[in-house]
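Sequences listed follow chains A and B, in order.
Counting in numbering that gives the first Met the number 0, the final residue of the first sequence is number 341, and the numbers go up one at a time with none missing.
Counting in numbering that gives the first Met the number 0, the final residue of the second sequence is number 341, and the numbers go up one at a time with none missing.
Source of the hints: derived by calculation from the structure; they are not laboratory data.
Treat the hints with caution; some may be incorrect.
Here's a subset of chain A near chain B, in silico, CB distances under 8 Å, partners left out [as the list claims (entries may be wrong)]:
| # | residue |
| --- | --- |
| 1 | D119 |
| 2 | I130 |
| 3 | G143 |
| 4 | E147 |
| 5 | G187 |
| 6 | V207 |
| 7 | E211 |
| 8 | I233 |
| 9 | T236 |
| 10 | E238 |
| 11 | G239 |
| 12 | L241 |
| 13 | L248 |
| 14 | T251 |
| 15 | A269 |
Note that the Cβ used here is the ideal one computed from N, Cα and C, for glycine as well.
Protein chains: 2
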Amino acid sequence: MIKIAVDAMGGDNAPQAVIEGVIRALDAYKDIEIQLYGDQETLNSMPNVFEDRLEKIATTEVITGEDEPVKAVRRKKDASMVVAAKAVKEGRADVILSAGNTGALLTTGLLVVGRIKGIDRPGLMPVIPTINEKSPHLILMDAGANAESKAEHLLQYAYLASHYAKNVLKINEPRVSLVNNGTEAGKGDELRKQAYELLSKAPDLNFVGNIEAKELLSGHVDIAVTDGFTGNAILKTLEGSLKSVFKLLKRTLSEGGITNKMGGLLIKPALKKMAENFDDSKKGGAVLLGVKKPVIKAHGSANDEAIYNAIRQAREIVLSRFSEEIAEFFENSAENDRQMRK
Amino acid sequence: MIKIAVDAMGGDNAPQAVIEGVIRALDAYKDIEIQLYGDQETLNSMPNVFEDRLEKIATTEVITGEDEPVKAVRRKKDASMVVAAKAVKEGRADVILSAGNTGALLTTGLLVVGRIKGIDRPGLMPVIPTINEKSPHLILMDAGANAESKAEHLLQYAYLASHYAKNVLKINEPRVSLVNNGTEAGKGDELRKQAYELLSKAPDLNFVGNIEAKELLSGHVDIAVTDGFTGNAILKTLEGSLKSVFKLLKRTLSEGGITNKMGGLLIKPALKKMAENFDDSKKGGAVLLGVKKPVIKAHGSANDEAIYNAIRQAREIVLSRFSEEIAEFFENSAENDRQMRK
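All chains, please: the whole structure from these sequences, using the hints.
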């Protein structure tokens with residue numbers, strides 16, 4: 000059985016969306032067991048049909064979107080998110096999922112679950128849909144776990160994301176790129192120049208060079224490595240621009256007279272399908288990579304569909320044995336480094 | 000007469016698109032005079048109808064997209080871009096426009112036209128269309144002139160962009176925001192924290208706080224201040240995501256059977272109008288702010304429409320006396336600083 004710890008209280012639509020997503024997932028996958036952490040009232044509202052694969056753990060506190068992450072994780076010892084993370088830390092669960100306060104979940108990952116030996120800074124890794132059917136996934140890392148990064152951290156992100164792409168997304172030799180303000184070597188600020196050096200010399204890494212942000216959705220690379228500040232700006236810009244286009248499209252079609260309305264009706268199914276391509280609720284959550292067990296962050300606005308898909312993803316990650324493999328890799332690297340220095 | 004120096008050789012569609020844009024602009028605005036810099040053959044191909052308002056200056060060199068900016072500007076003394084900038088520097092023209100190598104044009108702005116006293120780092124400022132009809136412009140600065148920035152530079156960008164918004168776009172008390180990874184004060188890396196401090200204390204500036212990148216197109220602010228590396232990533236992400244959506248929309252409508260095709264035909268005019276909203280060829284070029292005279296960068300892929308609009312914009316900037324006003328403001332600030340320190 001794959002044991003998934005779920006924070007029932009996190010996210011704008013919690014607990015309802017979480018409960019519905021959990022029920023769907025338990026129904027779809029018979030090899031998972033869900034530990035649901037939340038207040039007594041929420042837990043009471045869950046149906047009893049999955050009793051043998053659904054464990055309810057009552058908690059008395061909740062970390063809200065307004066809470067200051069580090070303070071909240073340290074002080075709210077009985078928060079659903081923190082208690083769920085402890086179950087992972089102590090081996091009672093294999094993975095944790097929350098749609099709650101991002102900063103708090105990252106902090107929980109660091110302080111409760113703990114870093115893999117050899118990793119300085121775990122990073123946040125969303126999988127972004129591209130417009131290329133042959134190469135439909137883009138991994139962006141770090142998408143915002145760390146506001147400041149050094150070149151060595153970017154190198155670690157490249158390894159972490161490569162292992163994820165290989166093990167979980169089953170991509171052979173994933174193409175790693177560095178987000179930069181031009182494609183030529185030597186471009187960018189000091190951080191990019193140093194990172195380019197490290198990446199191009201790194202063994203066991205398929206580094207294909209710099210990528211400009213305008214090419215991210217083209218499917219030419221599998222992984223785009225960047226610092227967390229830039230990654231956050233890219234992710235949010237994508238989110239905002241896609242939302243803006245669809246909003247404007249809707250407005251244009253509804254305000255533009257009978258011809259537009261008719262045309263709009265005809266293409267509605269096609270538009271819906273297209274919007275789904277960019278809908279991250281299909282893609283699961285962002286994964287905090289570099290901690291000992293997988294920590295999955297579903298979008299704050301996650302609906303039941305998004306929660307369901309994040310659970311599906313959690314299951315795949317555990318099945319792939321990604322976390323064990325990555326821990327081994329980094330421990331060996333650290334060991335090799337020590338041997339080299341002797 | 001407003002004297003506009005135009006680099007005929009810059010951009011992917013040069014010289015044809017430049018020539019056509021220049022002809023349209025000369026036709027539309029009787030108060031402008033164009034100085035066209037390019038090779039003899041290009042100049043010969045221009046019609047003679049505007050002889051009194053069109054001066055042709057033959058140059059023998061061209062800076063290409065592949066040239067290393069600083070080297071090219073220093074060595075290619077007779078390049079169309081460099082000679083055009085000299086005319087501005089020496090007062091024979093009021094403004095320079097080029098669709099050529101961005102880095103080279105920025106370098107030309109710095110080395111040939113020269114910085115305004117009191118400005119450390121001129122920045123690149125595009126005007127981006129929003130989806131808000133009441134507030135249709137977003138000024139992003141710096142969009143990539145400088146790969147590394149300090150907090151003081153971000154403060155200078157805020158003043159430069161505010162003056163531009165007031166004088167050229169006629170926005171009263173433009174709302175200045177700082178691009179950050181969260182809206183609360185205290186968010187971000189060290190650079191953002193310092194910049195927030197400076198911006199919130201700055202006199203004569205309507206600072207409204209942090210903005211997340213997902214809100215940039217909402218029209219809630221007029222100006223988004225950021226470092227050039229992040230600004231470049233944001234601008235390119237926007238460009239790439241919009242292009243991707245329209246590509247996918249086209250594909251969806253053409254491949255989806257007769258219903259989609261019919262629907263597509265019906266809404267085609269509406270879609271075209273919508274795409275135009277995001278089409279930066281309507282918005283003019285990006286302006287290098289902080290140099291003594293306006294330097295305008297049209298998009299590398301600029302067509303005649305984009306060149307025409309960039310010339311319209313050049314004319315508006317000169318008419319607004321923006322450069323004189325900003326130079327005065329920064330010299331006074333520097334003077335005040337000196338007085339304060341005495």
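Any hints from earlier that this structure breaks? Give me their numbers in increasing order, please.
Going through the list in order, the structure violates hints 1, 6 and respects the others.
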